[in-house]
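Please assemble the complex out of the two chains, which come individually in their own frames, going by the hints.
Take a look at the letters that make up each chain.
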Amino acid sequence: MDSRRCQVRIEGTLLELLPERALYWPDAGTLAVADLHWGKTESFQQHGIPLPTGVLEDDLARLSAALTTTGARRLLLLGDLIHSRQGLTPAVVERLAEWRESHASVECVLVRGNHDRHVKTLPDRWRLDVRESSIDEGPFHFAHHPEPVSGRYVWAGHIHPMVRLGGRSDTLRLPCFQVGRGVGVLPAFSAFTGGINVSRRAGDRIFAVAGPAVVEV
Amino acid sequence: MPAGRPRSLRAQIAASRKALRAATEPPAAEAPRKPRRPRVQRASTRAQTNEPPLERLRGWFRAKGWTPYPFQEEAWAAHARGESGLIHVPTGAGKTYAAYLGPLADVAAHGQPGLQLLYVTPLRAVSRDVEKALREPLTVLDADLAVESRTGDTSSSVRQRQRERLPQVLITTPESLCVLLTHERAPELFASLRSVIVDEWHELLGSKRGSQLELALARLRHFAPGLRTWALSATLANLEEAARHAVGTGQTPTIVSAALERPIVVETLLPESVDAFPWAGHLGFSMLARVGAWLDAERSTLIFTNTRSQAERWFEGLRFARPEWAHLIALHHGSIEREERERVESGLKEGSLRIVVCTSSLDLGVDFGPVERVVQVGSPKGIGRTMQRAGRSAHRPGATCHILFVPTHALELVEMAAAKDALRRREVEARTPPGKPLDVLAQHLVTCALGGGFTPDALRDEVRTAAAFAGLTDEEFAWTLSLVREGSPTLRAYPEFRRVVEHEGRCVVADARVARMHRLNIGTITSDAVVQLRYWSGGRLGSVEESYVSRLKPGDTFIFAGKKLEFSRLQDMTAYVRPAKTKVTRTPRWGGSRLPLSGSLAAAVRRTLDTARHGDVTSDELAAAWPVLDAQARLSRIPAADILLAETCQTRDGHHLFLYPFEGRLVHEGLAALLALRLTRLRKATFTLSVNDYGLELLTPTPFPFEEALHPALFTRERLEADVLESVNVGELSKRQFRDIARIAGLVLPGLPGARKSSRQVQASASLLHDVFIQYDPDNLLLVQARREVLEQQFEEGRLERTLERLQAAPLELIHVRRPTPLGFPLVVERISASLSSESLLERVERLKERWTREDARSA
Numbered sequence: 001m002d003s004r005r006c007q008v009r010i011e012g013t014l015l016e017l018l019p020e021r022a023l024y025w026p027d028a029g030t031l032a033v034a035d036l037h038w039g040k041t042e043s044f045q046q047h048g049i050p051l052p053t054g055v056l057e058d059d060l061a062r063l064s065a066a067l068t069t070t071g072a073r074r075l076l077l078l079g080d081l082i083h084s085r086q087g088l089t090p091a092v093v094e095r096l097a098e099w100r101e102s103h104a105s106v107e108c109v110l111v112r113g114n115h116d117r118h119v120k121t122l123p124d125r126w127r128l129d130v131r132e133s134s135i136d137e138g139p140f141h142f143a144h145h146p147e148p149v150s151g152r153y154v155w156a157g158h159i160h161p162m163v164r165l166g167g168r169s170d171t172l173r174l175p176c177f178q179v180g181r182g183v184g185v186l187p188a189f190s191a192f193t194g195g196i197n198v199s200r201r202a203g204d205r206i207f208a209v210a211g212p213a214v215v216e217v
Numbered sequence: 001m002p003a004g005r006p007r008s009l010r011a012q013i014a015a016s017r018k019a020l021r022a023a024t025e026p027p028a029a030e031a032p033r034k035p036r037r038p039r040v041q042r043a044s045t046r047a048q049t050n051e052p053p054l055e056r057l058r059g060w061f062r063a064k065g066w067t068p069y070p071f072q073e074e075a076w077a078a079h080a081r082g083e084s085g086l087i088h089v090p091t092g093a094g095k096t097y098a099a100y101l102g103p104l105a106d107v108a109a110h111g112q113p114g115l116q117l118l119y120v121t122p123l124r125a126v127s128r129d130v131e132k133a134l135r136e137p138l139t140v141l142d143a144d145l146a147v148e149s150r151t152g153d154t155s156s157s158v159r160q161r162q163r164e165r166l167p168q169v170l171i172t173t174p175e176s177l178c179v180l181l182t183h184e185r186a187p188e189l190f191a192s193l194r195s196v197i198v199d200e201w202h203e204l205l206g207s208k209r210g211s212q213l214e215l216a217l218a219r220l221r222h223f224a225p226g227l228r229t230w231a232l233s234a235t236l237a238n239l240e241e242a243a244r245h246a247v248g249t250g251q252t253p254t255i256v257s258a259a260l261e262r263p264i265v266v267e268t269l270l271p272e273s274v275d276a277f278p279w280a281g282h283l284g285f286s287m288l289a290r291v292g293a294w295l296d297a298e299r300s301t302l303i304f305t306n307t308r309s310q311a312e313r314w315f316e317g318l319r320f321a322r323p324e325w326a327h328l329i330a331l332h333h334g335s336i337e338r339e340e341r342e343r344v345e346s347g348l349k350e351g352s353l354r355i356v357v358c359t360s361s362l363d364l365g366v367d368f369g370p371v372e373r374v375v376q377v378g379s380p381k382g383i384g385r386t387m388q389r390a391g392r393s394a395h396r397p398g399a400t401c402h403i404l405f406v407p408t409h410a411l412e413l414v415e416m417a418a419a420k421d422a423l424r425r426r427e428v429e430a431r432t433p434p435g436k437p438l439d440v441l442a443q444h445l446v447t448c449a450l451g452g453g454f455t456p457d458a459l460r461d462e463v464r465t466a467a468a469f470a471g472l473t474d475e476e477f478a479w480t481l482s483l484v485r486e487g488s489p490t491l492r493a494y495p496e497f498r499r500v501v502e503h504e505g506r507c508v509v510a511d512a513r514v515a516r517m518h519r520l521n522i523g524t525i526t527s528d529a530v531v532q533l534r535y536w537s538g539g540r541l542g543s544v545e546e547s548y549v550s551r552l553k554p555g556d557t558f559i560f561a562g563k564k565l566e567f568s569r570l571q572d573m574t575a576y577v578r579p580a581k582t583k584v585t586r587t588p589r590w591g592g593s594r595l596p597l598s599g600s601l602a603a604a605v606r607r608t609l610d611t612a613r614h615g616d617v618t619s620d621e622l623a624a625a626w627p628v629l630d631a632q633a634r635l636s637r638i639p640a641a642d643i644l645l646a647e648t649c650q651t652r653d654g655h656h657l658f659l660y661p662f663e664g665r666l667v668h669e670g671l672a673a674l675l676a677l678r679l680t681r682l683r684k685a686t687f688t689l690s691v692n693d694y695g696l697e698l699l700t701p702t703p704f705p706f707e708e709a710l711h712p713a714l715f716t717r718e719r720l721e722a723d724v725l726e727s728v729n730v731g732e733l734s735k736r737q738f739r740d741i742a743r744i745a746g747l748v749l750p751g752l753p754g755a756r757k758s759s760r761q762v763q764a765s766a767s768l769l770h771d772v773f774i775q776y777d778p779d780n781l782l783l784v785q786a787r788r789e790v791l792e793q794q795f796e797e798g799r800l801e802r803t804l805e806r807l808q809a810a811p812l813e814l815i816h817v818r819r820p821t822p823l824g825f826p827l828v829v830e831r832i833s834a835s836l837s838s839e840s841l842l843e844r845v846e847r848l849k850e851r852w853t854r855e856d857a858r859s860a
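Residue numbers (the UniProt record's numbering), protein chains in the order written: chain A, 1 to 217; chain B, 1 to 860.
Calculated from the structure, these hints are not laboratory results.
Errors might be hidden in some of the hints.
[Unchecked claim] Ranges between beta-carbon positions, derived for each pair:
(1) A:R95 to B:P778: 29 to 37 Å
(2) B:A809 to A:E57: 50 to 58 Å
(3) B:K553 to A:G203: 20 to 28 Å
(4) B:R683 to A:H118: 31 to 39 Å
(5) A:D129 to B:D153: 52 to 60 Å
[Said to hold, decoys possible] If you want the footprint, here are the derived chain B segments under chain A, 3+ residues with CB under 8 Å:
(6) 508-517
(7) 772-779
Just so you know, even glycine gets a beta-carbon here, dropped at the ideal spot from N, CA and C.
Same shape as in the complex, but just chain B (with noise of 0.2 Å):
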């Protein structure tokens, strides 16, 4: 607290919980209290005109009855200082206020035209409430100052005008942000900028779009040199990474941090009998009516799903359960049109809409003031994740947050009683920001010659002032440099090829097609080529992946936005529906990875196993988990922490292995791909791979010696880069992995609707067009970046290779069972199509075509 404010603490503290209640409550929530707040605003204005502009925010802010938390007067202080960080409070202190009144205030004392404050945000949605907040404290500012947003959302007569005049105080997405880059007048626009903040930091830092962000961030420091950079972020493992990340290596970053942790109450709804409770899958339907007859519509409750579909059906499915509901029930997920989510979203907040069926589209952003409940369906797969979504119900400092787990199979419950440990210790993941992306690099620099040009070698340095891009070297800067200008960093240069250009010594880009195209394709998110939904009356639904509606057949119905609808054509990107009459059961598939389970969390399922094995029953969760957990005692073991439980087992379809290291999904994905590798040098075969968070099954068609070959040797560390990497070339991984990275650098042109048209003859999928580099430019460093990702993903610091260390050393427990136990049932049912073979080409066909035609011939 600043000196010369005499109060003694205990007045301080209740007055803070006061200020912050308030501070955190929508606007729409001071309703009441508005008639005297004219009064003191007068009160403030008259007798306050040569306050310096701080000293007014500081009036406006006691105005409304609160009072500074010492974290936001430090924040303050250090903005003026010149400085900058990272603040970290948990949701709902009151953090956008101490991220931007200091800010705000040196605006207001320079008071200069043309833009001055950027606020950056993960999500374009949460634009519209932020603009209310960030336009509020001007009332008392004499300075006339417009705050505006820009995003994917913003219309193009606005964009247009923007374009030409920015605001003093622009809201913005990382994207929209780099399309202004690419303006030919950036360095202008930005030369006046004095900060920028970027709320929900910890939400970008993990990703690529924080790469992104970060190289955007170095670019308007070159701009306006002495810029301020203030992140905003919940809680990390990592917070000193991610401070450094915002503000670059040129300074070093102040943190500002409050001790403001809520309480969280966990509570798990626990099924009626596991007998009749499924072993696999994730819906969770047979918990639907136990929740139904759990919410209570007078206490308005958010239910998280983990997938967009999901979400679908559930929504579905508690109108039916909860008829009187029907108006008081409304669904949210990030594909449904943006009106009707925003419709949404007031109706939560006005109490008209009472429980709202979600996915992670309202993890962040808006204040929900009213949201007493929240609910999550199906494992959160992490601690912060649990955090968050907790911390969305009675969204107040200090308040308690309430969150219900309901398991939709056995095992996560196993899984729920685990993350309540985890969260009793606090063991909230970190968020490890990917090292240097050369597809992202490749993006930027023609964002960077389209926005004015530039010469190399400053580019470079200023580059490495990111701190992903810190260990960026020469030779990569280069090839990235050249990739965008030659096409090729080899000798082999591509004479037709022309994106960047040299124009008396600078980069630029001068084709107008390929401007066009990059300011369409930027962005580091990447998603299927999507098609608008739309009624044939008329009227916009939202959007669904094209591979979805490809499969559709004039005719078939499906649900979408909790309507029932029949599907009658696809045209120009857009496909055409009308209400369904007849029965629905199909429900759209989103792509998108499922989250794997947090390293966190993982540790603590292995904790709680290795109880249950001992027998110990130590949580509600456990108890009702229990007789599954003792079918796998009966049939096999219940895995213990430091013993690696192998189960051999043979089927119909073939030999299997059955491992459980319990790491998650991705480090099982290159463990398997790893083992099935060094098996297949043992003796030829092929393996079919399947994991999930729990563990890992190879499969194959032919008999093979598991027993013996499941040695110690087999988990070595020796060699394991070079021998994942030749999994991940063997195998489908890094296919994947090119996918974005093709999309990114700009190799893969989304289907976007009117520029289709004119590119359809350079549509190629980003596997053909893998298996093309690979084939004439193996030494191509986006497909070393695939490989690297693949590995760093597996690695996840170091994961795979301390998985490997542990399962080197634990003892080996291998059991024959007779069928799949509880923990492989999944395994069997969840197969993905990953294979990895030693046999060659043609022996592969021989075995595979009878298989083919024995199908064929059952089908006919």
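Just chain A, with the same shape it has in the complex (with noise of 0.2 Å):
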């Protein structure tokens, strides 16, 4: 395996995390990534708040990094994929179109999340396999919303965990995954998004995304 990821194992089963901010499941070929935001700078440029483009090209550029190195054959989007009805403007919905289809051969499922909820539908030409509220699949149990299901270990994200580092004198904070005991929550895909500080639970492993490696803290 890759040093600069981490393992775990859940229920019996061996999951990758990946620094690309995504979770990697070997035996079933299946990458799961959440909180994408998709057309978020241009949701900000149509209120009238000038930001740089860019970070949707870097998001799609990561993402491609993390199906080409796994050789994913699914993607699972657990939610938040785009951020608001605004920001899908005809250039963003042809960028996304065009992306979708270099990756033509992986399959793309989304789990919708509370902002994908401002959309009815979402574009034919991305191909998506649309979910409402989550996906079961052999252990797992794979949501936006990081809730416990009995019987199941939950994968989701939604709430953008942070991990601040450091004491009172030197701090950093990154994104980070917390794996706990009956939930894993992934870091938000987007590096257009802010986070909450996470604080431990008894049993949690917290993994930090670290530039390009995760470490466990």
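Right under this line is the structure:
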């Protein structure tokens, strides 16, 4: 395995935590990401706030890299794929259709998140298999909201977990995976997202995304 | 004095004194003389109906028993000649009428409908008193003139009426003026304007509020050519610059001054024993009992504190110390509901309240005739500020001002000794206007686009008539214009962006949502989102920062406006509370930076310490501080004016380096970042920086050879700007600066009630935006401006550069101490979380994670 990744074993199944802010399940050939917030920059621009474009391109490049290096056959999008209705400008829709085309052989499944409800139907050309609330697969329950489900281990997003390292003097704040006893939360995929600091509960393992590597802290 | 009024000099002075004493008393204090007034007025109106208005106003002046001061006559004459300028006299010398009667006479003589005279004041709370004062002389004029206010507090029905038709005389704030400028009929509304008076210009000059007002004045001069501008200012080191910025580059300002400085008597309340006196901190509670004993309910007193939470605690403490005065003591600060503040102000004027604990909220404005004494808790941090606050006592021309300093920690005694010395020498600070802030310009462009639209070339020339923007380059203007028009100066245009659009050759705003958003967000005073505080039973208490409320849990108790409250819930930007039944210990902490030590005072502190180093105890304050200074001398040395004292120390926290340049917090911030950067080039390390007004601390978790590194080359001015910029980029400084810039330029929408719901999807923290810009548009001029502002503040008239020059030439006194000294201790206590590192991210994570795990294990 790539030394930049971390492995966790849950319910006897091996999973990899990628520095691309993605979760990989090798046995199923499935890659999962959460909170992509496509078109967020464009939503701001629509409101008259002049933000530079570029986040989307970088996010897509990172997502492509994760797909390519893992060779995943399926991509699970765990909610908040889009940021708002206004952000889905023709250019954004077109760019994403193009990106989807470049990974045509990958099956894409979207579990709707709260932001996704702003739009009734997503563009056909994105070829997404849309699920309203969750997907159960193997020992796992994939959802947007990190709420425990009996009998299955939950993988979700929504809260954009961040970890604050250091003490009184030197501190760092990084996106992280929060792997708890019954629920695992993925970091927000998009670079243009804030987040909340997680506090470690008993049994939690925290994996920080530190630039090119994932580090358990 | 004009010719034809032969009077002896002595009689003149006596009359002027009397006149000015009366001129500065509030109308309420005039009551005993009231019966005489109508008689005189009747006489004057009957006898002089054909007199020119200024003569009549002179008559009104005399009828009140006043005689114009020479500077007042001079100001009226200069205005009559069509000049613009600045009137500089100390507070309480009658400058309001000096500025006002000339323009008023002019308005009366040319009685036309529509707005004629604009009176701009920095404080909206003041306007009611100003309104009263400005209405008074109208009685002798035939013209039917309306005097009204328009501020953020004006009701919407009045504002609606004013939008249709403005009064002849309008009192407003810079921000409300800018909102008026967004009116699509702005060119018509302001076409009839003849004069503008800017009150308390010294308060605006040094800030972006001043830059914004300069742009607004340039706009007004465009709408009403021939407009006369008169600014009023207290004492400043840079009066000529202040005058130029007030009148713009198109005319030469006339400066009218009067040497009417009042004597200031300063006393310091000394602690009984400095052994029990804290080395650090800022609340000063150990002095509470002594202040309580010193106060006298018979003598009305203002107690100034430096922060709002300090005011809350002192109010609470004084009521506890003197319960018998509970009904005589009040609290006044900017977050308290307006009605309550007004109640306190009038109580003070009437004499029903005797002791008011306040913040800078009472620095300006309102005449408090009866205030006899002023107390300053903690260092005043500047000489101009001390004079302003001291001037609050015995607010009469010529009268002696009294101010009592109350130190909050031992070293403040030194600051107070230094302040007394600097006051004696009248070393007043300058207020330096910011240099062409583009965020303010961006906001102004949208304002102009809304207010009738503009053509770029004409507006560029107009903007340059504002002194703050005189050096604006074509490129900078074009960049800012494209920021509001295309959203980006780069070739990557944002097709979806539309704030300002071009329509038939003019730049206008077409989108109603953009217009609404812009009007809501006008202004340059940036603060965190605030929430209203309300009782469950109804009744508003004021406002606190959202970040404070968000840390409260239902049931938590805190003190606000002197009341003990229990938080119950936050809903729609309102925090609901009920009276608390349990013990209360918390006080809200408001954002807002503490004032740094001014350059003048910092130099005085160095002088004072130098005398102490030589064993000269030149004042009571130094004598009182002696045990602490002596401890400093024993553990290390007392800093000399021309030697740089450095201390190294090892503690549980790591390896410390302390330096004491005594240049004020801002300069130290820049210096600390610069030195940390240069040290990390010598050897890989992470430094945590801490600064205060006296010095700076660099702390590193791993051993560092400070002794070798502290070479004069470390302080070189070579590559200074590049190094500062680099350190600023690595550190947090520019991020913090960017927050305000982003807000002013319209990149961040503050959480306003009403606007909030619709804009939730476009909320992002400024620090997140900063990161996005750094990565995707690093040359963005707003980023450049953030860095420049950091530089300007740190350079502060080249202060950082001069500091380096001084430090490089100064012999180094390096002392290894076993524990932090009296000077170092406050730096350890107040450590801020800024760090600068040359380690890689992964190295830091590896090092930090151990600590995190350790602390976590402890807390678990």
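Hints and how they fare:
As the Cβ distance of R95 (chain A) to P778 (chain B) is approximately 23 Å, the hint placing it in 29 to 37 Å is violated. The beta-carbon spacing between A809 (chain B) and E57 (chain A), approximately 52 Å, falls within the hinted interval of 50 to 58 Å. For K553 (chain B) and G203 (chain A), the hinted distance range of 20 to 28 Å is satisfied, since their beta carbons lie about 25 Å from each other. A beta carbon spacing of about 52 Å between R683 (chain B) and H118 (chain A) contradicts the range 31 to 39 Å that was offered as a hint.
Taking 52 to 60 Å as the suggested C-beta distance range, the pair D129 (chain A) and D153 (chain B) conforms, at roughly 56 Å. Figure legend: the region 508-517 of chain B, annotated as covered by chain A; annotation consistent (4 residues with Cβ-Cβ distances under 8 Å, at least 3 required). Counting residues of the region 772-779 of chain B whose beta carbon lies closer than 8 Å to any beta carbon of chain A gives 5, which reaches the threshold of three, so the coverage claim holds.
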